[in-house]
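Each protein sequence line maps, in turn, to chains A and B.
Be aware that the first sequence starts at 169, since it is given in the numbering used here, and climbs by one per residue.
Be aware that the second sequence starts at 159, since it is given in the numbering used here, and climbs by one per residue.
Take every hint as true, because none was put in to throw you off.
Each computed SDA-like pair below joins lysine to any residue, with the alpha-carbon atoms no more than 25 Å apart:
#: 1; chain 1: A; residue 1: 353; chain 2: B; residue 2: 206
#: 2; chain 1: B; residue 1: 316; chain 2: A; residue 2: 191
#: 3; chain 1: B; residue 1: 319; chain 2: A; residue 2: 191
#: 4; chain 1: B; residue 1: 350; chain 2: A; residue 2: 230
#: 5; chain 1: A; residue 1: 351; chain 2: B; residue 2: 203
#: 6; chain 1: A; residue 1: 353; chain 2: A; residue 2: 365
#: 7; chain 1: B; residue 1: 350; chain 2: A; residue 2: 222
#: 8; chain 1: B; residue 1: 350; chain 2: A; residue 2: 205
#: 9; chain 1: A; residue 1: 475; chain 2: B; residue 2: 250
#: 10; chain 1: A; residue 1: 353; chain 2: B; residue 2: 226
#: 11; chain 1: B; residue 1: 350; chain 2: A; residue 2: 290
#: 12; chain 1: B; residue 1: 319; chain 2: A; residue 2: 514
#: 13; chain 1: B; residue 1: 316; chain 2: A; residue 2: 206
#: 14; chain 1: A; residue 1: 351; chain 2: B; residue 2: 222
#: 15; chain 1: B; residue 1: 530; chain 2: A; residue 2: 196
#: 16; chain 1: B; residue 1: 319; chain 2: A; residue 2: 511
#: 17; chain 1: B; residue 1: 316; chain 2: A; residue 2: 196
#: 18; chain 1: B; residue 1: 316; chain 2: B; residue 2: 405
#: 19; chain 1: A; residue 1: 353; chain 2: A; residue 2: 440
#: 20; chain 1: A; residue 1: 475; chain 2: B; residue 2: 166
#: 21; chain 1: B; residue 1: 350; chain 2: A; residue 2: 223
#: 22; chain 1: A; residue 1: 353; chain 2: B; residue 2: 200
#: 23; chain 1: B; residue 1: 319; chain 2: A; residue 2: 512
#: 24; chain 1: A; residue 1: 475; chain 2: B; residue 2: 597
#: 25; chain 1: A; residue 1: 351; chain 2: B; residue 2: 199
#: 26; chain 1: A; residue 1: 351; chain 2: A; residue 2: 436
#: 27; chain 1: B; residue 1: 350; chain 2: A; residue 2: 492
#: 28; chain 1: B; residue 1: 316; chain 2: A; residue 2: 199
#: 29; chain 1: B; residue 1: 350; chain 2: A; residue 2: 202
#: 30; chain 1: B; residue 1: 350; chain 2: A; residue 2: 299
No wet-lab data here; the hints were simulated from the structure.
Quantities reported herein were computed from a predicted structural model and do not represent experimental measurements.
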Amino acid sequence: MGAITTFLTRTAGSRDRADRFGIGDFLAYSYLLLGVLIILVPVMWTFFSSIKPERAVDSFDTRLAPIAQRTTDIEGIGERTIWEYHAEDGTVTEVFKAGPTRRITDVAPLDDPEAVFPAERVKLQPAEEIRVATENYLDPLLKRNGQENFLFGTYLYNSVFVTVAATLITLLINAMAAFGLSKYKFRGRLTFTLLIVATLLIPPSIILVSLFFVVWSFGIFGSLWGVIIPAAATPTGVFLLRQYMLTIPDELLEAARMDAASEWRIFWRIIIPLSLPALSVLAILSVIWRWNDFLWPLIVLISDPAKHTLQLGLTTFAGEFDINFHYILAMTVVSLIPITLVFVWLQRFITTGIATTGLK
Amino acid sequence: MSLGGIVVLLILVFWVGGGAVWLLRRRQYKANQIPRFLADLLGFPVELAQSMFGRAGVPYALLLPNMLIFGLFTFVPMILNFYVSLTTGSSISLFDRPWVGLDKYFEIFNCESIFEPKTCTNAGFNFWTGMFNTLWFVVIQVPILCTVALITALVVNKNIKGRGFWRAMFFYPVMLSPVVIANIWNWVLHRKGVLNEVVGGTQDSLASLAGLTGFDVVATVIFAVILMVVSERTLRSSDEPSTAWAAVFGLLLTLLFAWANPTSLVGLSGSLWLGAAVAAALIWVVASRQPYARIAVIGAGIVAVLLLLSIQFDAVFDFGRYRPINWLVTPRTNWPFFWLVFVFCWAHMGFYMLILLAGLQAIPRDLYEAAKMDATSQFRAFWRITLPLVMPTMTVVIILSLIRSFQIFDEVFLLTGGGPGRETFMIVQNIYEVAFTNNNPDYGQAAAGSVLMAVAIAVFTFFQLWLTRRQSDL
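Extracted from the complex, chain B is given alone in its bound form (with noise of 0.2 Å):
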């Protein structure tokens, strides 16, 4: 029996019968007080404090139990954290470690130059590489997340029916263990799993379409109805355009850019970016209700008619034979990385949209009842109104969710583990492999490695704090 059941076993036979003889000899239980005996026998600690040191002993017996896990558990590691870090050696005991000093960080800094982890030794290699991977992760990811996550919560906002079934489904995912995110998507993305037939089938089907005759001619003349329609709508309230019309609208303009491919003629790539922009652009002086939305409207529409008539529709859909992909396997597309986050917003977007779904509840009704007053305009009201009271709940949101990218570890190790090549390799990865799956393990690299993610996050943290600070104040 090792020393931590030895002394489990006295605290227990200690607080069981010390406590039961204590209690019989102060007070009178009857038989079906047994209960309440219980109850008190658990709770037995608090009630020796209060009668040895009265009422004032009593919070510090109630905090006793939680802060000495906290203290064995999180604070003391925290600080073992830095001794073993400048300890060598795979021994568990913690006397038996050689004394190294800082070696273990040398050993990861030992590098030409830090922002090439080739040039590093092993330990250095793995340790930047997995390092630079979490920072990329986490400049992508977290936008992405939090943006998904405030539209989502302002749509589920808004007064739709059935709001609490869309509020769970979106929350349904965060319910599910890594492994089982990890099967379900592994099975989707598989080389001939369900992602690849579906894409596959819809390009096949769209490239024999494009095949028949005058298919340039009905797509050209389809798209033009749909741009009338749409344009008409966007313009046709007398006094402002209207700005959910001005969205399709943008969304069709983005679909011609990306299409027509204006860029091509000046020899670049990236049209569909440039049509995302003007889109953006076109909505953004819709919505804010610029003086001359009319005529943005109105010249947005001939360019997209300009765009359309330049479009070959049966160039455009005839995609060829379509070749499976092998979406968490194949290197240097980036598909791996692409799925990791999409697959990591899925999975936890649900629960920052409960966050900022309780911050957007909490901002008062009469705020827009006053703005609806002095015919504020929605998109006003959403940048004057809800933007700055969201704020401090979108601050929470950023820093959870930046603190749990950074340690993303599960999704990862399960799904490509870490592969292909070191591409998706995380820090976590790094450690746990050090430490935990080596032959050798090395904890102290292990350790240091910690400590070094740990003033990285801090970083990262303060800096956030500080930004949105400066927002703030503005």
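The following block holds chain A by itself, in its conformation from the complex (with noise of 0.2 Å):
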């Protein structure tokens, strides 16, 4: 027994560290799945509730599958919501409310509309249903039932586009950047990288109302672009892959030169394949940040639709049409499935990445 147990509590770790599951653990893993809670329990919340029907989503139902009360197209009547009445013997017939909501309400059943009778509203209970209610979803993306403010494939193209073009530019230039501050050494080398670690502490936010002046005398205020090209020069990026290449080995580069090879080409044959690493956490922090920016693309592209990015697209659309929650949610679990489909993905690459080269 007491083996048994010994060997239940055992914790991982080397055989002289395996001590028994002591209290220090318990509180550990208590903090630990308390944390995850908190984190996971309003994202799966918010997932649990655009699937449900809008009739659930409208009066804040808080079960959690999609249950929703039945509703029928009675002839001459209408749309209206099932009941089902319980009457005395027992037995349970379908009805409608064919007048208001009393303590003794008139109801008629569904195949016999003309057949009104009161009944008492204790004994109606509503009919209810499981169903995944996909139109939360399908409205939006596919234009129907008067949802076409949404363009959702115009805001992914814009979000995308903006992502991949910033990332593409930020990787090529910082990385030049950064080759040129840690393998050369010139005049203004100092300077240089004084002026990169000066412009980390800048905050963008206290520049905003200049910067919309330099953006908008470069004509580029409300295109794609305006969002594209200032953020491109991250000084992260360049302190990050300069102290990457710093660990790059001299005698590669001189290697290469007694082959006559160009500086542009031991930039892109040497440097750029050995500091993969250091460019793919770059990469995907760049993607975090473009993906999700939002105060710049509100000012630089509020004022035109068809250039909204899928965060600016989210609020306006949230904005728009503050009681239709069910599709607010659906739509921010669509946008919400790219960026955790990468993290699933690359969830062991960022989180190493980041605490390796860590700064943001």
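With the hints as a guide, bring both chains together as one complex.
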């Protein structure tokens, strides 16, 4: 018995550290479990709410399953919700309400709308069904049922375009700058390095107004390039890549120069392949930043709905339809899915990458 | 076509056309070397610099695009900000803006007392409301965020199963966009949302449980048994009381203090905080292995028993009818502010946790082994090894989170919109509204606000640096 307990409560680790599962471990795991619950429950709750039918969402039904009252179209009367009438003798008939809800309500059976009879309210129960409400997703995506305002395809295209273009430009010019700063000795190297470190400390929101002036005078205000270009040169990226490139031995460069390779070829064929780990971290970071950007796109792109990114589209959508929670939730889940997939797929990369290069 | 468009077009023509001609005249490419040709074409300016100035010209060519964007979109705006803040009008053309000197600053400072935004003119009122809200937010937010991140990093750094999974889970919200975060929490915090439902349901069921006869006695007995087990466990090991069990004991003690409400005897409130302080003191005494730790635990046990006997459990759990709270809208409750802090922590904690985790993992293992050899307590090892060595990382985390929380906009704008009233109106929102959502945009005043905000951030950052400098010297 004792041996079994020891075996069951052993924790991971080398043998001499394989202590029993003590109160310390218990506290640690409870902390982690609580934290993960706080993180996951709102997200999962949003997901489960998003597949509920409109009626259930609007009535703030807090049951987990997508349960909603059934409705039917009755000839000459219109769409009505279905109730179950539990009679004294135990029979159950499906009825709809033919009058206002009172203590004694007038109801009529579905198959005979003319036969109205009084029923006590307490004996009426909603006839419910479990149904995954795919229309929450499909209506805005396919522009059905008057949901023409959510241009999902356009938003997705804009978001993907901004993210991909900005990430590619960021990778290229940051890698070039980092290569220049880490592998050459030249006048002004220290100045440039200090300038970049200084940029690291300039919060982007204090230059909003004047950046707006600059972007306006370049004529890229209101276009996607107005979002892509100002954010392309990230000080974090230069810093991160420079630190990484410093570890690449100079002998490799010398050998390539012996073979008469041009400096650009050295950069392209030696430095880039060797810095792939750091580049992938920067790529992931850049994708997260650009995909989630909000304030600057809000300023630059808000006036033209055809230029909205997914985040802006979602904001205006939520603003317009303050009551259509079922659509808002569904679209929230839709815009959450790509980043979640990226995360699940690259999770190890991201966490270890940021932890080892660690700056934002 | 705008001027910028023409310039871009010219550069492209020169780059692609000129570059292709230049490269093809100098180098031979076979048909299967087209990718190589394209790569060379991409780096044509660098190649050109090398052939014109030799290797010395290369680094400048490499740095050029990056520094050009930095210069045009970061440094120029920095300088321009000062200029714009000294001009007035709503014209976007820089040469069309009348110079007014420091007028915009005077407008903001036109108050009887800047500590009471109500006494200011309109511009000053909005600015100082935003400024003080932001300062409050930073002062509350940064310590909480850093503490939670450190605790989480310490726990994840322990020898636990599925470390990667926990680490990833805590990082997940960092990936989410502010819009998604706001929509999720709006849904959860709605007046009829799931949080109110859960809180209300729990309170109602507890209250109905407390209504049963004999609940008081049963609860007292259950609690007494729990207390007995925990205190016995705390004192069990022959030499020193156990810290982890003492932490559980402290938690129970806090609960007892909150319920027994001893401060009400002298007509004060705040029993919960008194309990928390006593519990923290007890945990510290046990963890730092004070010689009187055992006596302290026994004393706390006696206090706990006295408190337990004085508690009327059915009164404690009788909450009455639960009224759903409109978390994000009700004014003068501080709930909107609380949820902002919470959601911000929720969304950003994982990132700082990862940085701290890297700092923790950089601490050499042998230090702990040496400490173990010397029979150093875990608490002492934490205090003397972990904390001093993680302090540089902590400084980075504090400064980063400080700059970050100063700029809070997305979450507030989307969750509360600055409301109720102006309770969560932050400084960036003020700048945004003055410059971009006004019918009559006042860029000068927004720029002046940004300059003042930059000053505030700089002051905070340097104060923080100075503070940690002092700490590491000691």
